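Chemist: What follows is each chain in one-letter form.
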Amino acid sequence: MRKRARASITSITLNLLGILVIALHIFPVYISLMTALKQKKDLSSRLLPPKYLNLDNFRHALEDGMLVQALLNTIFVTFCSVVIVVVVGSMTGYVLARTKSWLSSGMMLITMGVMMVPTISLIVPLYKLMLTINGVNTFWGIIVLISTQYLPMAIIIYNNFIKGVPKDLDEAAAIDGCGKIEAFFRIILPQLGPVTASVLILNGVKIFNEFIYALYFLQRPEQKMVTTYISTFFNENSNLNVASAAALLAILPVIVAYLFLQKYFINTSLEGMSK
Amino acid sequence: MSSLRKNSIYLFMVPALLLFTFFVFVPLVDGVRISFTNWNGYSQTFKYVGFDNYTTLFHSKLFKVAIKNTLMYGICCTLIQNILGLIYAVFVNQRFALNKLVRLIIYMPSIIAGVIMGYMMYAIFQYNGGALNDIMQLFGAEKVDWLGEGTRALWIIIIVNSLQFVGVAMMLYLAGLQGVPQSLVEASKLDGCNSLQAFRHITFPLLIPAIESSFLINMIGGLKMFSLVYALTNGGPGMSTHSMGTAINYLHFANENAGQAATAGLVLFVLIFVISLAMNIYFKRKEVEM
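These protein sequence lines map, in sequence, to chains V and B.
Under this note's numbering, the residue at position 239 of the first sequence is numbered 250, and the numbers go up by one with no gaps.
Under this note's numbering, the residue at position 239 of the second sequence is numbered 554, and the numbers go up by one with no gaps.
Among these hints, one or two may not hold up.
[What the hints assert, rightly or not] Here are the simulated DSS-like pairs of lysine-lysine, each with C-alpha atoms no more than 30 angstroms apart in a straight line: (1) Lys376/B / Lys139/V; (2) Lys599/B / Lys174/V; (3) Lys217/V / Lys362/B; (4) Lys111/V / Lys599/B; (5) Lys415/B / Lys217/V; (6) Lys139/V / Lys599/B; (7) Lys383/B / Lys139/V; (8) Lys174/V / Lys62/V; (9) Lys62/V / Lys601/B; (10) Lys274/V / Lys376/B; (11) Lys383/B / Lys52/V; (12) Lys174/V / Lys458/B; (13) Lys599/B / Lys51/V.
[Said to hold, decoys possible] Covered by chain V, per the in silico footprint, the following chain B stretches (three or more residues, Cβ under 8 angstroms): (14) 427–433; (15) 438–445; (16) 467–474; (17) 499–511; (18) 568–581.
What the hints contain is simulated information worked out from the structure, not anything from laboratory work.
Just so we're clear, the structure is a prediction, and the values are computed from it rather than from any experiment.
Every residue, glycine too, gets a C-beta built ideally from N, C-alpha and C.
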């Protein structure tokens, strides 16, 4: 009896602590939401919800269509980059997993090396390069740069995964007169479903949130990505209520994706991290 | 013919190699070249100036502040995220009703873009009407201009960044904890260990691989700090919160000094490279000892 009482006290304490932790981490989103729901002239504390329902700020944020445009731009850039990362990454990962020579070990070293270079370190020469090849303010320019940046992680994930696929399968195919390239398409490719889902989520979120490249390489108002759009919005707009509404709308896609695909998100983030 | 066919598989590496060459290696070499010029960032012409950029940069106040802050961001964020992350991991590893929801909420901010998170903080840190000052007044304290003073702004950036990404460390540690065989912990308790001793001598050593990845990821993330500073203070007040990242951006655009910006970029690259290499070597040695 006493034991049970103690267990329930522990469980109450743990749940109360849990509520405190949740309150701390949800705080920024909560305050943004309260700000976004209030009229500008409403000077009541942002800690408390408004006493009226008012979605005007969200309407204003969407009014000129630029936020939707920015979301569409971001989705377009994310989609194209992720396709390149998946195709090029799986091909390279396959070679690294199935060959042993100075060529493949050299490529592995290069991949690891590229992963170490921070975006901002190369931004000056990259900007110069893009000026020369007319890549500034073009979608293909930023897509190529972003794909390059996220490629190393994908190569490593694919390499690890393909190493776990039994070799007999593609060796048998090779005996049947199939070259290694054909073996990739016939044997390996059909098995890459789950790992590709990981690569898609892991890189998809990062590319959706990309800021530095968007800041440098897509400067025209109609080309902005969500991060740069929100940045301009806050800098040019003194109405924090509308700006908060815009920020919430901008993060809505990733939050919704996260809530629906929780398990995937967490498993993949671990996969990407433990090299 | 057969060897040609056998080696044709290497053609699969060509696209990746081309991308790396054109968009990483060529720019890296060009970055070294630009660091010896007085290029302003947009014009067609520039002059070679030898080591001028290096000497000017190394003696500038901006550079000293940025290096100091970059190390602060790297070290403090790593420590906070790992200590708090480990505590959170132990916490959510217990059984209680809200367990899943707590994990979900702690991890959620890490999928939000850092720059948008920064702007969302305005509603909290504003002097008039900011949520934090409302809380201060609730307790009868004076209102504070949170981002108005350098050192305080620096710590706010560190704390905001750490709380945003602590979920990543938590998840790594949680995976580590769940890999610790419960039988070992129980055996040690039979041998007279208390919970704390069992954690210290059984669980902790088995967490070393998780600690290694988590420290490296957080350290590199902290050293690369850019978006959050850009949104919250853009380096201010004065230049007191600049990271190397925002300093590079400032030198390139506001100062039209692309030569020095390229130099600072190389310094940041070397800094991150050396620190992660040192950490790798340190952890490898630790693993052997354990």
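Chemist: Given the proposed pairing of lysine 383/B with lysine 52/V, does the C-alpha separation stay at or below 30 angstroms?
Modeler: Violated, because 42 angstroms separates the two Cα atoms, which is more than 30 angstroms.
Chemist: Three residues minimum, CB to CB under 8 angstroms: does the stretch 427–433 of chain B make the cut for coverage by chain V? Let me know.
Modeler: holds (count 6)
Chemist: Within 30 angstroms, alpha carbon to alpha carbon, are lysine 383/B and lysine 139/V?
Modeler: Holds - the C-alpha atoms of lysine 139/V and lysine 383/B are around 29 angstroms apart, at most 30 angstroms.
Chemist: Taking only the CA atoms, is the gap from lysine 415/B to lysine 217/V under or equal to 30 angstroms?
Modeler: holds (24 angstroms)
Chemist: Between lysine 599/B and lysine 51/V, does the CA-CA distance stay at or below 30 angstroms?
Modeler: violated (56 angstroms)
Chemist: Count residues of the stretch 467–474 of chain B with a Cβ under 8 angstroms from any Cβ of chain V, then say if the count reaches three.
Modeler: Violated: only 0 residues of the stretch 467–474 of chain B have a Cβ under 8 angstroms from chain V.
Chemist: Next pair to validate is lysine 217/V with lysine 362/B; report whether the Cα-Cα distance is within 30 angstroms.
Modeler: Given pair lysine 217/V, lysine 362/B is violated - Cα atoms ~38 angstroms apart, limit 30 angstroms.
Chemist: Would the hint linking lysine 174/V and lysine 62/V be met if the CA-CA limit is 30 angstroms?
Modeler: violated (59 angstroms)
Chemist: Tell me if chain V covers the stretch 499–511 of chain B under the three-residue, 8 angstroms CB rule, please?
Modeler: Violated - the stretch 499–511 of chain B has 0 residues with a Cβ nearer than 8 angstroms to chain V, which falls short of three.
Chemist: For the pair supplied as a hint, lysine 62/V and lysine 601/B, confirm whether the alpha-carbon distance does not exceed 30 angstroms.
Modeler: violated (58 angstroms)
Chemist: State whether the coverage of the stretch 438–445 of chain B by chain V holds or is violated, taking the criterion as 3 or more residues with Cβ-Cβ distances under 8 angstroms.
Modeler: holds (count 5)
Chemist: Given the proposed pairing of lysine 111/V with lysine 599/B, does the C-alpha separation stay at or below 30 angstroms?
Modeler: Answer holds: lysine 111/V to lysine 599/B is near 25 angstroms, not above 30 angstroms.
Comparing the model with each earlier hint shows violations of hints 3, 6, 8, 9, 10, 11, 12, 13, 16 and 17; every other hint is respected.
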